[in-house]
Amino acid sequence: MEPTYLQNTTGPSGSTKLSTGESAAADRQVSSASLSNLSAGSGLKKPNYFQTKKFKIFLFLFSLFSIISYSQDCGDYYNYHKWVNCTKTIKRNYKIYTQPKNTRIGINDTLTYNIVFNGNRDYIISFCADQIYYPISIRLLQPETGIELYDNATDDYVSSIGVGFYKTQNLLIVITSMADKLAKDKIKGDDGTCVGMIMQWKKIFNKIE
Amino acid sequence: MKKINYFFAGFLFLLLLSACKGGGTNNRQTADISDKTVSDSGNIKKALGYVYYLFPSPAEVLTAINEGGLVYEPQLLNSIEKREKYVKPNDQYLNLGVYVADLSYCALFGRNNDAVIYLETIKRMSDEVNLSAEINNEFIDKVKNKENNIDSLEVITSEFFFKIVNDLEANNRQNDVAVISTGAYIECLYLSVNIVKKYSKDNLIIRKIAEQKHAFNNLYQYCKKHISIEDMSNSFSYLKQIYDTYGQFSEQKEKVKVKEEQNYHLTISGGNTTVITEAEFKLFKENITKIRNSITK
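Those protein sequence lines, which keep their order, are chains V and F. Using our numbering, the letters of the first sequence map in sequence onto residues 10 to 218. Using our numbering, the letters of the second sequence map in sequence onto residues 261 to 557.
To be clear, the hints were calculated from the coordinates, so they are not data collected in a lab. Even for Gly, the Cβ is constructed at its ideal location relative to N, Cα and C. A portion of the hints provided could be inaccurate.
Estimated spans, in silico, between C-beta atoms of each pair [said to hold, decoys possible]: (1) F/PHE509 x V/THR163: 14 to 24 Å; (2) V/ASN117 x F/GLU521: 29 to 39 Å; (3) F/GLY530 x V/ASN117: 31 to 41 Å; (4) F/SER529 x V/TYR166: 21 to 31 Å; (5) F/ASN390 x V/ASN102: 16 to 26 Å; (6) F/LYS513 x V/LYS212: 18 to 28 Å; (7) V/ASN102 x F/LEU526: 18 to 28 Å; (8) F/SER339 x V/TYR166: 35 to 45 Å.
Lysine-lysine pairs mimicking BS3-like chemistry, simulated, CA-CA at most 25 Å apart [said to hold, decoys possible]: (9) F/LYS519 x V/LYS100; (10) F/LYS461 x V/LYS176; (11) V/LYS176 x V/LYS62.
Over the 10 Å line for every Cβ pair with chain F, so calculated as not near, a few chain V residues [as the list claims (entries may be wrong)]: (12) ASP139; (13) ILE141; (14) MET187; (15) ASP189.
Take the sequences, apply the hints, and build the full model.
Laid out in structure tokens, this is it:
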């Protein structure tokens, strides 16, 4: 089965812990109620755990966590680029270009975007993800030859770069999460994270070559 | 009461399952993923991983061609009265794309009234193909309120297109994205080639049309992955014809040069230029018109 984003953090695991604690508390409550009932000789039925108020609260919280966990997937994150740190890179005098894309990436995973860049334009290409998955390697390659045109390793793995084009052409943008071993230890199971990509453009050259 | 308890337990179990499943699988399915590509030539040392082909919206295609100087010729647009003729799903999706391109064309020239008419037509068609959730009145109001603001209209129509794409991809309907986009791209080309009345080597519109080879290539690669159902074979054959024609145009090759500047900025110059001769353009125009008319008939 495919791993799920944030499944390893706040969602079900947190609520499972809660259930254990709540269960114990509820058990204690049931036991004391049963004892007092017995001692009083009332003959009342033993209250069911599932009927307790605490269980209902737990159920509500568990449902909430589950729903949140379920919804936190890249597939539902089409607006991801708008609310994570990508928003910091949006500039007023630039227009959003092409489909902002959100995809899942794990440590050392590589994915590639084949993108059309129009000539006489300046682009800003930005990536954003959970901080723990940084640095993100960004390389620009020529699709036909595979020749590398740029590697952000030379710029300390900056996550936002500007590229000006004179002629319309395709480029491959290859990204890899380069998070170190320390990060890998922190992310147990490495379910991956959503990487948002946003591109902006503005016209730069009057002359068409 | 016991029944209720079992219900709670079952509900709990289902929630647990849903949380575990997440949507990771869905995401990978909906993404435009090509086979892993590894170059044996040695130029690409590392594997590229999954390759996503992204293609511009019809509004972006028209904006790019408009840098060559398009004009507004409303008689070229597909009549909204034909909408009811499109009954088969394939015709509906193709013509939905055609209308989206027409909407973008109206928006490009700030023709709000025409844009609203096309938007309303798209809304009606979208209802028929279960797309209406994303085609709401908010967009119509947005277009109405952006009178004489061409830049905003262009942004809105692009956003509108990608909302449709995202909605469909999220529901595993890449096949539909492919067909709608094919219809839209063909309409963009149809509008552009028919604005050119006379060929000239230096005609900027023709040069911009030639540059759309790259956008078509990406759409073609996307479609190759997603158009598989026999019913959709028409759409793919249209696209393949255009793709093949683009492949026949000659290329002026120039070495790519990269100049790294300050502030994490670089400039890329050079690269290939697609050239269309007069005879090629005439044939291209005829073919595009023929394909478009067979879609909108």
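Going back to the hint list, which numbers does this structure go against? 1, 5, 8 and 11
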